[in-house]
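Protein chains in written order, with the working numbering: chain V, 1243 to 1924; chain Y, 64 to 381; chain D, 8 to 348.
Among these hints, one or two may not hold up.
[To be verified] Computed beta-carbon distance windows for the label pairs:
#: 1; chain 1: V; residue 1: Asp-1631; chain 2: Y; residue 2: Phe-228; range: 45 to 53 Å
#: 2; chain 1: D; residue 1: Arg-47; chain 2: Y; residue 2: Phe-222; range: 48 to 56 Å
#: 3; chain 1: D; residue 1: Trp-302; chain 2: V; residue 2: Asp-1732; range: 20 to 28 Å
#: 4; chain 1: V; residue 1: Arg-1293; chain 2: D; residue 2: Trp-302; range: 32 to 40 Å
#: 5; chain 1: Y; residue 1: Asn-227; chain 2: D; residue 2: Met-48; range: 53 to 61 Å
#: 6; chain 1: D; residue 1: Phe-71; chain 2: Y; residue 2: Arg-126; range: 38 to 46 Å
#: 7; chain 1: D; residue 1: Leu-170; chain 2: Y; residue 2: Phe-222; range: 41 to 49 Å
#: 8; chain 1: V; residue 1: Val-1735; chain 2: D; residue 2: Leu-68; range: 29 to 37 Å
Treat the hints as calculated values from the structure; they're not laboratory data.
The beta-carbon is built from N, C-alpha and C at its ideal position, and this holds for glycine as well.
Here are the chains, one letter per residue:
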Amino acid sequence: MTDSTDADSTAPNLNRRRLLQGLAATGIAATAGCLGGGSDEEGDPDEAGERVEVDPEDIVEGGTFQFAISRGSIGNYDQAQSTQADDSTVFSAVYDGLRRTNPSGEYFNWMAQSFEVTDAQEVTFPDDYTEYMAEYEIAGVEEGVATFDLGENNLVIPGGQHPDDQAAVENGELTAGDMMRVLTRNEAGAAVDDGVYGTQVQVTLHEGIEFHNGEECTAGNVVGSYDRLVGSNNQGQQWESLLHARAPNGDDGYEIEMYAVEPDATADVSLQPFWIFPSEHLDIPPNELDPRSGGPVPVGTGPYEVESYEEGRELVLTKTDNYWLEEVGLENKEWWDGPEEFPEGPVIDEINIRFQPENGQRVAALQDGSIDAAYDLPAGDLSTFQQSDQYSEYRVTAKDSTGFLFMQMPLQDNGGDLHNQEVRQAIQQMIPRQSIVDVVEEGWAVPAQTPFPRPAAGPATTSSFEDLQDADWAYPVEPQPDEAESLINDAGVETPVDLVLETNADDSARQDKIELIIGEMDSSGLFSAELQTPADLNPWFLQDLVAENSGDTYAERNATATLGLAAGFDPDGYARAVHHPTSYKGCCNFFHPSGTFEFEDTIDEARFGLEAVQDVSNRQETYEQLWPQITEAVGNTFINFSLEAVVATPAVQGYNAFPDRRNFLNYSIFAPYDGQIAYLDR
Amino acid sequence: MSLRRFIAQRILVSIPVLLGVSIITFGLVHLAPGDVVDIIIGLDPNATPADRIRLRNELGLDRPIYIQYIDWLTDALQGDFGRVYTMGPDAGDYIASRWPETVLLGLFGWTFALLIAIPTGIYAAVRKGKLGDDVSRFVALFGISIPNFWLGLMLLAIFAVQLNFWSASVPQKPLLSREMLWWLLLPGITIGTAASANLMRIMRTSMVEEMNKEYVTAARAKGLSERTVILKHVLRNSLISVVTVAAFLTAGIVAGSVVVETVFGWPGLGKLFIDAAVAQEINLILAITLFTGVAIVLANLVADILYALLDPRIRDEY
Amino acid sequence: MSTQRGRITITGFDADAVENRDELSEWSDDKQTEIESRWRMVVREIIRDRLALIGGSIVLLMLFVAIFSKSIEIAGVTVQPISITPYDPGETLVADPHAAPSLTHPMGTDRIGRDMLSRVMVGTRFSVTIGLVVTTLAGTFGVIYGGISGYFGGKVDALLMRLVDMVFAFPGLVLAIVIVTMLGRGYWQLVVAFAATGWATYARLIRGEILKVKQNEYVLAAKALGGRDRRVLFRHVVPNAIAPVIVQATLSIGTVVIGVAALGFLGIGFTGSTAEWGTMINAERSTIVSAGGTWDTWWVTVFPGAMLFVFVMAMNMIGDAVNDALDAQGGEDLDAAGGGG
């Protein structure tokens, strides 16, 4: 399974998106009981979303937490290289970051004593940086992109090609052997020295933070950690917006400055290094930090260190005894106002990572108590664990997550009917979102009424997420055949309209949802729809969806494409990924070339505009204008959002889920800024 | 010829076979539409074309296919089976860490196949034509008609979930500990049942054949008890063909373990193979296929040797 | 003495003198009653076998269902208009999802409310046909291949058999999995995958038989009595050699069907919403080991699983009877080589 996810969990990058290959594993099945059919009741995600609070006096220290991940082994111990979300789940207990977040999307300084966006300027990249660019010899040109043989740890800042030279490369005038002006990491510093940058973030580290190996974490570690991502699978994501990072007081100091190429409202989250490594690991090339292939054991500043491991069978993390927060003290964190007895580090002694790739095994192990907690369980089991008397002591905790299912439609006028906005709107009105959630996900999902999920709601609106559900531009949860019929009539199109609904072949839950949509559409008489599954996700995506004229071919066949995606904690990802030209022919804008939508600039403004960077309310207002345009244009329509749910046995107390599974061993175990702490009481 | 020469000759013959296996697999995997590079970073929203080019050069994918094969072969002969793109350890490391599990499961399966097939075959042969024969035939057919994944799921559901005799998940104990060996009974039975089918039929056929031979009539005429006749003479002679076919079981057991490892979550090479195939991880697919190929070739070799040892007539033919 | 290797030759006879003299008996190449009646005896044996009869009727019933479950259209022309399924197998929410078996839905409904009986009936199309198609293709190709190899012998034989060895070095399912993941999902991709792994057994089988028969007494006798090479080959060699092939074919149909279902179960067979039995089991797999108890929604996995089992069992009963019947004719030594999963 190629989950191209990002690595960081402690400060989730807002624009890291990952293409979903189906949530909750293969086949979501029910215990009998949906729509009043059987013995068990339907699940209640609202109840699961309620927090359980812990009274510090009740806390029992110690114990081994048996935590099951839904893979057969760790993908890559080297987090610089790993793209698997489940790897991050484990290693977010080993590595700490500069800041932390909570389920509401608020940020708290963590290893950083202070962390501020101190400056934003109106610059354009790459145009304003051309005088800092240097000439490098082109090693090769492919698909209009020039590549170079740069030294170690160096790369071309993405997008940093001189505009004239880039045009020349695309025309074929410049080829291998010629010189081209580009901005690499080596030159970025000079630009920053001259004050040319888009956003500046200044960070001060606490003193005395130690890695598991005893080394003190200083500015040099933070700045040097970027090096490990050069040449890694995650390089593109780390340098999405990053221009340069430096330590103004030297590597032994505690001050760090990070710079974005343009003014960027997400800079505070996206600029920091995904993982902070000790000095002895900084020279290790990506992929080599894996003890299974002879590399060293990962070492970080997090509360747990790797104690022992065996490929595919065992991985044990133990609480480190020099955890930095215990040294620095909670009273030195400016957000802290809790009781004195509150522990300054996790109280669980050991985390035993259990590999349970099969759903059934996870369920059975929870039942007999051989594991304490697991995620990624089928919806039916979630309902049973939550509702059945047999499991009344068990806890099901769930949070709205960042994954979503969407249907993209082509707007090209090429013989079909989809170029009519009314037809697309009619389709949007006919999707049975509530039924899909109830039947296929058995209630353990959220029908989409807005084009972004709850976790991203903060900057997305001036009002609340709940209020928006009733907006007049919101998606309907129940199908609206009358509305759809009048839209079709307005379009003057013959009914029934023949439709092809495509999705990938290797996800039966997704196909089930499409079947439900087809059932609803066909029964209205307005449409005659058919499901097609051209290929598995990867080949489908790479051969059909991003093919050059996919918009035209899909339009001709009256075909739509339905996929899943996870777009992080910032609303920009949701608008940009499926509408914006920068995502065109990538993930996940297949059909809409530049100029398709009027609101493309609005998307940019909401994130890269100077006003947006300076005040979040500007962002909120901009987005409020954007959402109605998106739901009216129906280049994409959103179907449902996902939940992340954890089932914990009675032995576990105080455990609350997080919208992102990568924080299940991080936030959910210990997050003093929310009063969150989990302990074992057997 | 001498046994040694016989063995040497068989080994020599096996090498081109193994080479052929690797070539076929390599060719098939490269037949797949699409690009290894795309598989690694194709779905990454932030990947740039430059990343693709870099990766392609790094992995040497722009060279002609036969050169890639030769490179792979020379590396493989030195023990380097190449990188697994979506995961950390090399293909060779994966094989090295998981082969004990697979072999152990295979041994269990093999044992059960023999335990089921031989007595049933004998019984059926002895009772040929009578009700006992029908019943045992039916039982044998029953055993092989059940899809092994179905059988595994049922066993898991009944014994592990319903009755709680077994744990549904793999015990976290050393590989050769008592708990582990006990746990392996269920998957072992699952594999063994499916694999035992052919073996049972062979046992029966071969015994029936033997019993029709003249020496049996002679022995009976001599006044030996039926029991002695069967167990001392017939069985020994029919075991010859059974032994050799038992070695051929290996292929069936390996195939069975792919499914059974998935059902039971056993961390062996079978499960890894499925994951590798789906992810189109060429190096891992090649490494595992080669591993199973070697196992089967070895088993065939053992079978041939045993056959030659037990039946000198065969040896003399060479 | 002929120097053509591999051809059937007799030495020591003055063939011309023998061929040109008067008939010693009424026997001639045309009177082949002997062989026909042998086959008739075989068929009678099979019919007499109770188990085979049961198996045969089950298979016929399934074939019937496969054809008539839903209408068949080829290139827009309705070739078979009858649909005996009570509901459209693809129609969702005909009742509550996971409804227990009842009068209106004898096999209950699946997770999105589709009628299980209809789906199980349509499922026969995949399993029944794919077994036959794969076996026919693999068998035909394998027999021709092995026939060539055995007939010519010598270097040709050695070379061709090396390729067969290579195929045998793959455990049955492994090669099929590699092919399927490369070619993609679909009926014909699966056919190719399983045919590509199955032909080797037939090749080796027929080649072994030919080699054996070449030295058999009655062939020598036929030649001695004046029969020509090709006639001997087709009248004597092939009919005898074909027997184990037929046995193998009937037995391997079941193997192929299980193999296809296994791939469906592993998630690399047909697409998830296909009404193929193995795929249906996979899609509802989480109901088996679930928190609500295994037997909570037993019908969604038991019925497809049972159908698989019944069909394979029926085929195997037939195959066993064929095996026995041909066996009784002269103790053929059947080579049950281990490939084929």
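Comparing the hints with the structure gives:
The supplied range of 45 to 53 Å is broken by Asp-1631(V) and Phe-228(Y), whose beta-carbon atoms lie about 25 Å from each other. For the hinted restraint 48 to 56 Å between Arg-47(D) and Phe-222(Y), the CB-CB distance of approximately 49 Å keeps it satisfied. The supplied range of 20 to 28 Å is broken by Trp-302(D) and Asp-1732(V), whose beta-carbon atoms lie about 52 Å from each other. Our hint of 32 to 40 Å for Arg-1293(V) and Trp-302(D) holds, since their Cβ atoms are close to 36 Å apart.
Checked against the given bound of 53 to 61 Å, the beta carbons of Asn-227(Y) and Met-48(D), roughly 55 Å apart, stay inside it. Against the hinted window of 38 to 46 Å, the Cβ-Cβ separation of Phe-71(D) and Arg-126(Y) comes to about 56 Å, which falls outside the hint. Our hint of 41 to 49 Å for Leu-170(D) and Phe-222(Y) holds, since their Cβ atoms are close to 44 Å apart. The hinted range of 29 to 37 Å is not satisfied by Val-1735(V) and Leu-68(D), whose Cβ atoms lie roughly 47 Å apart.
Comparing the model with each numbered hint stated earlier shows that hints 1, 3, 6, 8 do not hold.
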